[in-house]
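2 protein chains.
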Amino acid sequence: MKIVVTGGTGFLGQQLVRALCERGTLTDANGTVRSIEQIIAVDQTQSGRLFVDDRVGYVVGDIANVGFIAHVMAADTDSVFHLAAVVSGAAEADFDLGMRVNVDGTRAILDACRAQTGIPKLVFASSVAVFGGDLPHVLTDDTQPTPQTSYGVQKLIGELLVGDCTRKGFIDGRAVRLPTIVVRPGKPNAAASSFASGIVREPLAGEIAACPVDADTAMWVLSPRAATAAFIHAHEIPSATWGPRRALNLPGLTATVAQMLEALRAVGGDAAVARVRMQPDERIRAIVRTWPGRFATTRADALGFTHDADVESIVRAYAREHATATR
Amino acid sequence: MKIVVTGGTGFLGQQLVRALCERGTLTDANGTVRSIEQIIAVDQTQSGRLFVDDRVGYVVGDIANVGFIAHVMAADTDSVFHLAAVVSGAAEADFDLGMRVNVDGTRAILDACRAQTGIPKLVFASSVAVFGGDLPHVLTDDTQPTPQTSYGVQKLIGELLVGDCTRKGFIDGRAVRLPTIVVRPGKPNAAASSFASGIVREPLAGEIAACPVDADTAMWVLSPRAATAAFIHAHEIPSATWGPRRALNLPGLTATVAQMLEALRAVGGDAAVARVRMQPDERIRAIVRTWPGRFATTRADALGFTHDADVESIVRAYAREHATATR
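Which chain is which? The protein sequence lines are X and L, in order.
All residue numbers for the first sequence refer to my numbering, where the first residue is 583 and numbers rise by one.
All residue numbers for the second sequence refer to my numbering, where the first residue is 583 and numbers rise by one.
A hint or two may mislead.
Intra- or inter-copy, both count: the list cannot distinguish identical chains.
Unchecked claim - No more than 16 angstroms apart at the CA atoms, straight line, and that leaves these computed lysine to aspartate or glutamate pairs for EDC-like:
| # | residue 1 | residue 2 |
| --- | --- | --- |
| 1 | K584 | D676 |
| 2 | K769 | E784 |
| 3 | K750 | E674 |
Hint data in this document are derived by calculation from the structure and do not stem from the laboratory.
Assemble the whole structure, with the sequences as input and the hints as a guide.
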């Protein structure tokens, strides 16, 4: 099988590429389990240490460039994991950039999918940011997406196109709405949710972290490891089992900032928590408070998606895998 | 005021241009009632007899051509009525054409709006075709759009962009979801709903009409006159009164095919009804049966939108205004 991963040098993209290589096989659109012969990881830049494997190739380019993505996918791509996106804060700050990457980029990928010899599978990384505004206390599979940010609007447009292209038989698409991913290693990014990782990552590295939202702010969170597993699980479920609604709320955990700080205390001690400064930032608060914090993920649970045990185990896993390396 | 009407030589576009001229004024984005100095009616073609008025200019071009629409709107457009679209049947038959006109065209108009000196008002003609699939018997303002056709998906994408551009302060946008418009004069078109006018129009002109759907098929309908009034009413409501949700289900009437044929009998007699042939067409049925037929339009009612008295009055008005001229 030939697999294309967009956003493939990003943090989640790299975890996914590694997991696919470790796994070695995927189920194709005909339901046949086949070995993975090639993974093309596409991204706008290529920096840092990348995962190396004989099957993995890295390509740098702009996914919104129709000719580029058509060339990358050629006519023999079996599956696409479409993770590339302009993150929430950046899409809010630069409307045109968000439209270009999150909408035009997704369209270019869907167009390239239509040019394949077969009907490719496509897993689209959407986001719970498609929800916003006046929301019920607990969101269900029937809660209407009413995005209040440009990022959320653009992700919902992507979901709609994935759904329509699946209905038309152009692709076999599945859109998974990701919770906020914690704990991301590395540096803060332009996502409005960046602080959610920062308030764990920086203190564990002995650094000061700013928390721009209130302690009772609730977020729907998932670990990077569980998100990677969800991408692959979404790919493997038979199309008929998935059903006509191609977008799905992923399971996660409700974590308030206060709960995350308690988990940080359990793992890193009082000294770590003392490195977090509550510094309200109205721009970030305005975005994050439109995000939902509690879900009943009945459909995803029935489809066999899983989540982390608790917030502390997420923080502990991060500390085990990353924090020691940076100290 | 300078007004741009896209789809301005179409049937509804012409009714709207005429109604705007008769009215003579509109309320601008600052709440000031101003006289209409110029109406530019944009369309892809220009055919038939067009409404003539010193204030009205006709321009032929492709709304998805960014340069063209930017030139038409220049920097001094106060209001846009965006009616141009590839209709449902055509958008289903030609995915790329629908995306180009219904999505790219809407984006080009929104981009041109952002280039205006002021913040233009924009009324977007959406459709109840944004609803589909497993629907409640009566749809409400809270029913989730789940389009099952490419046309419905493309209209919903337009709504999302109108909403986001309004939130960002680029425009003062309002999207109205039109019921099926009956009775349209002239010839059948590529809309899946074309038969709904045809089964009245053709028999009243002494011609045979095919009905591709079952007699108990229910549609949510509105007359052209009421639709035109709704566009103008949508424009005139103050932005704050409209509220943050910029898309709105318009009031209408539930009409089954059987009810429309009874209205046809009341106006045109048994001879007219005898000219309707029930000829099931699975392609049309598949599209139309995903459309909703019953709404509770609480929000629109509270905002002062109105609908026709009953199906018979719609048919009678059509016969009075059009049918005699064609006999």
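Now for the hints, and whether the structure bears them out:
1. K584 - D676: Answer is neither; intra-copy 34 angstroms and inter-copy 29 angstroms both fail.
2. K769 - E784: within (9 angstroms within a copy, 68 angstroms between copies)
3. K750 - E674: Intra 32 angstroms, inter 9 angstroms, cutoff 16 angstroms: inter-copy only.
Consistency note: the structure conflicts with earlier hint 1 alone.
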